[in-house]
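**Q** Below are the chains, spelled out letter by letter.
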Amino acid sequence: MTHARSFLVLLVALLLLAAPGAASAQSAAAVLAQGARAYDDLELDNAAGLLRRALAVQGADALAPRDASRALMYLAATELLREHADSARAVARRLVLADPRFRPDELVFPPQVLTFYEGVRRATPVVIARAPADTAIRPGAEALAVRLYASTFHEVTATLGTEAGRVVRMLYAGPIGDSLDLHWNGLDSSGTASPPNGRYAITVTSLDRQRRIVRILRLPLEVTQGRVDTLPHPGPPADSLLLPERQPMGPGLKALAPGALAGVAIAVLPSVVANGEDASAARFVVGGSLTIAGIAAFVSHHPGKSIPANVAHNRALRDAWRREDALVASRNAERARGMIGIRVGAPVLLTPEAP
Amino acid sequence: MRRALLLIFLGFASTAQAQSRWNVSFGVGGGSEIARSRSDTTRERVSGLVLGGEAVATRGKFVTRLRYGQGRVTNDTAGRDVAEGEALLGYNARPWLTVWFGPHARTFVVPGQSDRRWLQWSGRVTARGTLFPERVESFVELWQGITGSLNRPAESASGGGAEAGLVLRLARHPVWGRLAYRIEQERGATRRETVEAITLTVGFVPLR
Numbered sequence: 001m002t003h004a005r006s007f008l009v010l011l012v013a014l015l016l017l018a019a020p021g022a023a024s025a026q027s028a029a030a031v032l033a034q035g036a037r038a039y040d041d042l043e044l045d046n047a048a049g050l051l052r053r054a055l056a057v058q059g060a061d062a063l064a065p066r067d068a069s070r071a072l073m074y075l076a077a078t079e080l081l082r083e084h085a086d087s088a089r090a091v092a093r094r095l096v097l098a099d100p101r102f103r104p105d106e107l108v109f110p111p112q113v114l115t116f117y118e119g120v121r122r123a124t125p126v127v128i129a130r131a132p133a134d135t136a137i138r139p140g141a142e143a144l145a146v147r148l149y150a151s152t153f154h155e156v157t158a159t160l161g162t163e164a165g166r167v168v169r170m171l172y173a174g175p176i177g178d179s180l181d182l183h184w185n186g187l188d189s190s191g192t193a194s195p196p197n198g199r200y201a202i203t204v205t206s207l208d209r210q211r212r213i214v215r216i217l218r219l220p221l222e223v224t225q226g227r228v229d230t231l232p233h234p235g236p237p238a239d240s241l242l243l244p245e246r247q248p249m250g251p252g253l254k255a256l257a258p259g260a261l262a263g264v265a266i267a268v269l270p271s272v273v274a275n276g277e278d279a280s281a282a283r284f285v286v287g288g289s290l291t292i293a294g295i296a297a298f299v300s301h302h303p304g305k306s307i308p309a310n311v312a313h314n315r316a317l318r319d320a321w322r323r324e325d326a327l328v329a330s331r332n333a334e335r336a337r338g339m340i341g342i343r344v345g346a347p348v349l350l351t352p353e354a355p
Numbered sequence: 356m357r358r359a360l361l362l363i364f365l366g367f368a369s370t371a372q373a374q375s376r377w378n379v380s381f382g383v384g385g386g387s388e389i390a391r392s393r394s395d396t397t398r399e400r401v402s403g404l405v406l407g408g409e410a411v412a413t414r415g416k417f418v419t420r421l422r423y424g425q426g427r428v429t430n431d432t433a434g435r436d437v438a439e440g441e442a443l444l445g446y447n448a449r450p451w452l453t454v455w456f457g458p459h460a461r462t463f464v465v466p467g468q469s470d471r472r473w474l475q476w477s478g479r480v481t482a483r484g485t486l487f488p489e490r491v492e493s494f495v496e497l498w499q500g501i502t503g504s505l506n507r508p509a510e511s512a513s514g515g516g517a518e519a520g521l522v523l524r525l526a527r528h529p530v531w532g533r534l535a536y537r538i539e540q541e542r543g544a545t546r547r548e549t550v551e552a553i554t555l556t557v558g559f560v561p562l563r
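So the protein sequences, as listed, match chains A and B.
Residue 333 in the working numbering sits at position 333 of the first sequence; the count goes up by one each step and never skips.
If you want the working numbering, it's the position in the second sequence, counting the first as 1, plus 355.
Misleading hints may appear alongside valid ones.
The following residues of chain A were derived to be distant from chain B, with all beta-carbon distances above 12 Å [unchecked claim]: (1) S69; (2) G174; (3) L231; (4) R246; (5) K254; (6) A265; (7) S271; (8) V272; (9) V273; (10) N275; (11) A279; (12) R283; (13) V311.
Which residues of chain A face chain B? A few of them, derived with a C-beta cut under 8 Å, are [to be verified]: (14) M249; (15) G252; (16) L253; (17) A255; (18) P258; (19) A262; (20) A274; (21) E277; (22) S280; (23) V285; (24) V286; (25) L290; (26) S300.
Everything labelled a hint here was simulated from the structure, so no lab data went into it.
Yeah, the Cβ is synthetic: ideal placement off N, Cα and C, and Gly gets one too.
Take these sequences, add in the hints, and give me the full structure.
**A** This is how it looks when you write it as structure tokens:
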């Protein structure tokens, strides 16, 4: 019994320890839902607190961008209905900067709120950019497309510049309505050459009606010349495929050895077998014959002599490999000719001064 | 001892018979032979021509070899007839290596005296090497007496020897030739005899 109780206490303690993580994981979306219900019930103070709590959650449990926009819209409406106009404007402005394309639901929010948000949106010129993360283009013939989305109609200038701020190319200057496609054809201001490898940025500057800079969007780029996937070069012919081009020494030596060894044996053996006897010199006739036969056998193998058939076979293999290698090299050169790779980084939004 | 060796010899022979068909080779030849004889009191050097023949039969890995030769060796003051022979059973342990076992004997006949005969039971090893495939090969053969005897004076004997040379075969003809140098020494308690020979043998292979 005591053991069972101890187990229950331990289990509860473990659940309590695990609970905060699970609660926070659910809390951001759940708190947003509670805040939305409180707003609907006109419990505005409660709604404001819940919505701020939902927006304050960071990290993996934070609200998704779409829910964050909804939470900001509910919070702006709540503050407006609480007659906290400045707070409502700040929240609405924060929403415009985060998501210029956001439009409040006309069935959820009253006209007063919609009009208020529309006013803030029009007074907050800002753009966001969408571009492929990694691409390659042929300068002059193709272009990098960057789509800009604007919060409201306003004037913008778009330039390509170095990290240090030097303008490489003017991309656009003029008005933007809902959206605008920027195209960079990969060339610098001269229009004839692509910029060298390095880090660059597309800078989109939003201007107000007095042509003052109200927002700067920097979209970092990394440009690499000729960065394209290439075909692998074929390896040279394997040694196992190549035939020996010269007659090896081995067979010749193998033929020489029996003759030479037997010849030496005839010279030496009498002193081993019949020590103390003067062996006949006539034995050298036989020993010499053996040695000469061995030398003749060695020469008959033509050691070191070229083997034309094998040379031709190997040459054909090597030529085929060289042709294939040259073909791959030319294909790779064709692929890489004038191509530049562009890697797009995360955009950064700067506000030099409050509008 | 001799009976045991004979039994081993017959055992090998019966095993050989169980193998596949026989290949037989015959040869005849002759050569110059020099014999040096030493005893406690005398030294003698005689030389002459010895003619002989041989037969080699092969079945599977087993080989038998019979050789016989006779001739006359002389010097300025004396002369002797000489007869020698061997009967060996061999086993081809490797394509290039044969081990042999069997007796061989050499008898010197001096008119008016009893024969002097050396008998050795020996073990031999023959190694061959190819110079030109199927045409020319060299060989070296070494032997060592295991047990032996001399009949006059009656005493036990030991000995050893070597032979090396060149074997040639004609293309598309069952004929072969051999040029060889041989040296053997047999030793008794009171006598030592050394025989050198340079032989030329021509043979044929009728059943190949």
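**Q** Could you run down the list of hints and mark each one as holding or not?
**A** Results for each hint:
Separation of S69 (chain A) from chain B is adequate, the least Cβ-Cβ distance of about 92 Å exceeding the 12 Å criterion. Even its closest Cβ contact with chain B, about 93 Å, leaves G174 (chain A) beyond 12 Å, as expected for a residue assigned away from the interface. In this structure L231 (chain A) is separated from chain B by more than 12 Å, as the shortest Cβ-Cβ distance comes to about 50 Å. Against the 12 Å criterion, R246 (chain A) stays outside the reach of chain B, whose nearest CB is about 21 Å from its own CB.
Chain B draws K254 (chain A) into its interface by the beta-carbon criterion, the shortest separation being 8 Å against a cut-off of 12 Å. Remark: the non-interface label on A265 (chain A) conflicts with the geometry, its nearest Cβ contact in chain B lying 5 Å away (cut-off 12 Å). A Cβ of chain B approaches the Cβ of S271 (chain A) within 12 Å, the least distance being about 10 Å, so the stated non-interface status is violated. Not every CB of chain B is more than 12 Å from the CB of V272 (chain A) (nearest about 7 Å), against its label as outside the interface.
Residue placement check: V273 (chain A) does not keep its beta carbon more than 12 Å from all beta carbons of chain B (closest about 5 Å). Listed as outside the interface, N275 (chain A) is inconsistent with that label: its C-beta sits roughly 8 Å from the nearest C-beta of chain B, within the 12 Å cut-off. Distance check for A279 (chain A) against chain B: the nearest CB is about 6 Å away, which does not clear 12 Å, and the non-interface claim fails. Against chain B, the non-interface label of R283 (chain A) is violated: not every CB pair exceeds 12 Å, the least being about 5 Å.
Annotated as non-interface, V311 (chain A) keeps its C-beta farther than 12 Å from every C-beta of chain B; the closest such distance is 25 Å. Evaluation of the M249 (chain A) hint against chain B yields a violated restraint, the C-beta minimum of about 16 Å exceeding 8 Å. Hint on G252 (chain A) is violated. Least Cβ distance to chain B is approximately 11 Å, over the 8 Å limit. Restraint check, L253 (chain A) versus chain B: the minimum CB separation of about 12 Å is more than 8 Å; hint violated.
Proximity of A255 (chain A) to chain B holds as hinted, the smallest CB-CB distance being about 5 Å (cut-off 8 Å). With its C-beta approaching chain B no nearer than about 2 Å, P258 (chain A) sits inside the 8 Å limit, and its interface hint holds. For A262 (chain A), the interface hint holds, since its Cβ comes within 8 Å of a Cβ in chain B; the closest pair sits about 4 Å apart. Because the beta carbon of A274 (chain A) sits about 4 Å from the nearest beta carbon in chain B, less than 8 Å, this interface hint is met.
Look at E277 (chain A): its Cβ gets to within about 5 Å of chain B, closer than 8 Å, so that hint holds up. The interface hint given for S280 (chain A) holds, since its Cβ lies 5 Å from the closest Cβ of chain B, which is under the 8 Å cut-off. Among the interface hints, the one on V285 (chain A) holds; its C-beta lies about 7 Å from the nearest C-beta in chain B, closer than the 8 Å criterion. With a least beta-carbon distance of about 4 Å to chain B, the hint placing V286 (chain A) at the interface is held under the 8 Å criterion.
At about 5 Å, the closest approach between the beta carbon of L290 (chain A) and any beta carbon in chain B falls short of 8 Å, and the interface hint on this residue holds. The beta carbon of S300 (chain A) is positioned within 8 Å of a beta carbon in chain B (closest approach about 7 Å), and the interface hint is therefore held.
Hint compliance for this structure: hints 5, 6, 7, 8, 9, 10, 11, 12, 14, 15, 16 are not met, and every other hint is.
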